[in-house]
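Engineer: Assemble the whole structure, with the sequences as input and the hints as a guide.
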Amino acid sequence: MASQEERNTPEPAASEAVIQIQDAIAAGDDDDADSSIGEEVEPSVVSISSSILAYRQENGRSYHALSSGKYVLPNDEVDGELALCPKAKDAKRVLDMGTGTGSWAIDYADANPQAEVIGVDLSPIQPALVPPNVSFEIDDLEKEWTWTQKFDFIFARMMLGCFTDFPQMIKVAFDNLEPGGYLELQDMSLPARSDDGTLHPESYLSKWCKCCFEAGQNLGRPVFPTTEYKNYLAAAGFVDIVEVQQKWPTNPWPRDKKFKDLGAWACANIAGGWMGFR
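Taking the UniProt record's numbering, the leading residue of the sequence shown gets 1, the next gets one more, and so forth.
A few of these clues could be false.
What the hints assert, rightly or not - Here are the simulated DMTMM-like cross-link-like pairs (lysine to aspartate or glutamate), alpha carbons at most 20 angstroms apart as the crow flies: (1) 92 with 195; (2) 260 with 240; (3) 92 with 110; (4) 171 with 184; (5) 171 with 140; (6) 260 with 243; (7) 89 with 152; (8) 143 with 175; (9) 258 with 195; (10) 257 with 195; (11) 171 with 144.
Think of the hints as simulated: they come from the structure by calculation, not from any bench.
Structural biologist: Structure representation (structure tokens):
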């Protein structure tokens, strides 16, 4: 998260960024903590799918049930929040970069009726029925931005490997923010790591992460390390930079129920998306 102030504000050193790091997650000792991968994965996916249906029936809006499940970034202090920056609850004009199915933009528009929300993506996969204060545009964010009115909050999630020059994209976002506006970036931090150091460099997961970096370089869309985001933000002119590091389990092994459920969601999402990386 970073705020934009008047252009003549002195550029801060990257070391001034505030970094918040979550504690390690304790592993459970029950049957669900089995690390084997096999027939037990499918029942977990079925169970998760059933919970999606239950959530839909309770809230009456099927699309929002699914988006709730996809928002898997953990945050102990502000569970259920769509964004963490101070501008999140009183923004008037919001841009969702790489909106995808539009789930975040829709949820944000519902929760903040005072805001005009614009979601942008390359693919027209957003629903037709949306809140009146949200709109979707099909556009390439790497081309010149043509909005004549600036934003006071820009949000981007899971944009690793999407841009040829991510630092330049951050600069473009800065130029399209009102003074005092915020840019919030939410991304995975690759390569994958384990709290206890048991993730071996030769494991399939470690090799997959390495292949992701190599593929990004070969495609001209490098996977920029999230640890460098604060430096990119400072170089673009942002101030009040805050980095929040959260644990994102990828399996249902944690002892804590919240992280166990979160890991089950992440496992289902990953299992359903492997083929897309072929």
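Engineer: For the pair supplied as a hint, residue 143 and residue 175, confirm whether the alpha-carbon distance does not exceed 20 angstroms.
Structural biologist: Status holds; Cα separation ~14 angstroms.
Engineer: Holds or violated: are the alpha carbons of residue 260 and residue 243 at most 20 angstroms from each other?
Structural biologist: At roughly 24 angstroms apart (the allowed maximum being 20 angstroms), residue 243 and residue 260 break the hint.
Engineer: Take a quick look at whether residue 258 and residue 195 sit within 20 angstroms of each other, Cα to Cα.
Structural biologist: Given pair residue 258, residue 195 holds - Cα atoms ~17 angstroms apart, limit 20 angstroms.
Engineer: Keeping to a limit of 20 angstroms between CA atoms, is the pair of residue 92 and residue 110 held or broken?
Structural biologist: holds, 13 angstroms
Engineer: Holds or violated: residue 171 and residue 144, Cα atoms, limit 20 angstroms.
Structural biologist: Status holds; Cα separation ~12 angstroms.
Engineer: Quickly compare the C-alpha distance for residue 171 and residue 140 to 20 angstroms and report which way the hint goes.
Structural biologist: holds, 16 angstroms
Engineer: Going straight from one Cα to the other, do residue 89 and residue 152 come out at no more than 20 angstroms?
Structural biologist: holds, 11 angstroms
Engineer: For the pair supplied as a hint, residue 171 and residue 184, is the alpha-carbon distance within the 20 angstroms limit?
Structural biologist: With a Cα-Cα distance of about 13 angstroms, the restraint between residue 171 and residue 184 holds, given a limit of 20 angstroms.
Engineer: Is the hinted pair residue 257 and residue 195 satisfied, with a Cα-Cα distance of at most 20 angstroms?
Structural biologist: Given that 20 angstroms is the threshold and the Cα spacing comes to 18 angstroms, the pair holds.
Engineer: Are the Cα positions of residue 92 and residue 195 separated by 20 angstroms at most?
Structural biologist: Status violated; Cα separation ~40 angstroms.
Engineer: Between residue 260 and residue 240, does the CA-CA distance stay at or below 20 angstroms?
Structural biologist: violated, 33 angstroms
This entry does not satisfy hints 1, 2, 6, going by the numbered hints stated previously.
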